[in-house]
Amino acid sequence: MNQPILLAGGVNVFKYAAPQTFYPLAGKLMPWFFWTAALLCAAGLYIGFFVAPTDHQQGEAYRIIFIHVPAAWMSMFIYVVMAFWAGVGLIFNTRLSHMMVSALAPTGAMFTFVALWTGALWGKPTWGTWWVWDARLTSELILLFLYFGFMALQAGIDDARRADRAGAILALVGVVNIPIIYFSVKWWNTLHQGASVSLTSAPTMAATMLSGMLLMALAAWMYSIATALHRVRSIILEREQGAEWLKHLPEATK
Amino acid sequence: MAETPPGGDKVNWNSWHDFWVMGGYAFYVWGSYAATLLLIIAEIALLKMRRLSAVRSLRQNTNTQVS
Chain A
1 MNQPILLAGG
11 VNVFKYAAPQ
21 TFYPLAGKLM
31 PWFFWTAALL
41 CAAGLYIGFF
51 VAPTDHQQGE
61 AYRIIFIHVP
71 AAWMSMFIYV
81 VMAFWAGVGL
91 IFNTRLSHMM
101 VSALAPTGAM
111 FTFVALWTGA
121 LWGKPTWGTW
131 WVWDARLTSE
141 LILLFLYFGF
151 MALQAGIDDA
161 RRADRAGAIL
171 ALVGVVNIPI
181 IYFSVKWWNT
191 LHQGASVSLT
201 SAPTMAATML
211 SGMLLMALAA
221 WMYSIATALH
231 RVRSIILERE
241 QGAEWLKHLP
251 EATK
Chain B
1001 MAETPPGGDK
1011 VNWNSWHDFW
1021 VMGGYAFYVW
1031 GSYAATLLLI
1041 IAEIALLKMR
1051 RLSAVRSLRQ
1061 NTNTQVS
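Sequences listed follow chains A and B, in order. Using our numbering, you'd call the opening residue of the first sequence number 1 and step up by one each time. Using our numbering, you'd call the opening residue of the second sequence number 1001 and step up by one each time.
Because the hints were derived from the structure by calculation, they are not lab data. Ideal placement from N, C-alpha and C gives every residue a C-beta, glycine not left out. Any given hint could turn out to be false.
Below, a sample of chain B positions facing chain A; criterion: calculated Cβ distance under 10 angstroms [what the hints assert, rightly or not]: (1) Gly1024; (2) Gly1031; (3) Leu1047; (4) Lys1048; (5) Arg1050; (6) Ser1053.
Covered by chain B, per the in silico footprint, the following chain A stretches (three or more residues, Cβ under 8 angstroms) [to be verified]: (7) 93-102; (8) 236-244.
Covered by chain B, according to a simulated footprint, are these stretches of chain A (three or more residues, beta-carbon under 8 angstroms) [stated by the list, open to error]: (9) 54-67; (10) 223-233.
Make a model of the complete structure from these sequences and hints.
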């Protein structure tokens, strides 16, 4: 069960599956993603506040959309990516996949909290309540608990391999919640409005509002990649302690 | 769909005061943005701290094994 997998160094796809090769690559890519995120965020906020017009029904309160929707999308997407890497880790027994799952969880939890928080602050002026136990809000809250549960589970198991497997199973089981969140506004009669943007129909919002929101969504995407790469580098250092290649890193000898 | 060009005559806000008041929704809008900003700052600070402690223990390991 516990034999370490032999990574095929010659095969391109697997080359970067080795922490040793991924670590410097992640270090090089990380600042690019971070600064792209900052630029996209600046552009998105500019359009969101200075170009996009006031909403006819909601006045200025709708401007919460520029963080609420991207954060909610990201909260779901990060979980799907976690489940994907969890599956890859379980099937191929690759260390780096499991590290990636752990690296994504805190950022996913952060975006889930942001989606809930901004949703409450948006719900109060538009629905008259901070919170309601409807399908969309409840399933998003369950997502937050899944992220917290994943992190607590990993922190609670000392043996890294067992923690990885337990976490991966939780991530995979929990992924059923994602379609429930996404389709909740269709399946149940909820207070939460339906999707303003979908793959199958034209968006029901002004073009400038939509472009501001999409820029912010891209920024959230880039930010998530940057933080995941940053965190996975720390996890590699923590987990690979004692490995020979670590001793030759510039940061080890400085 | 006549959009004002960026930097052109402002449609949304006549003054910075207008901007901060946010049509009466300042608490909700800025409450959302401030919390998000704080969380992002906190996450980046946590990332840096984790990195620092990981590098520190890496150096300790390397040094004790060399000497």
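For this session: Identify every previously stated hint that the structure contradicts and give their numbers, smallest first.
Result: 7
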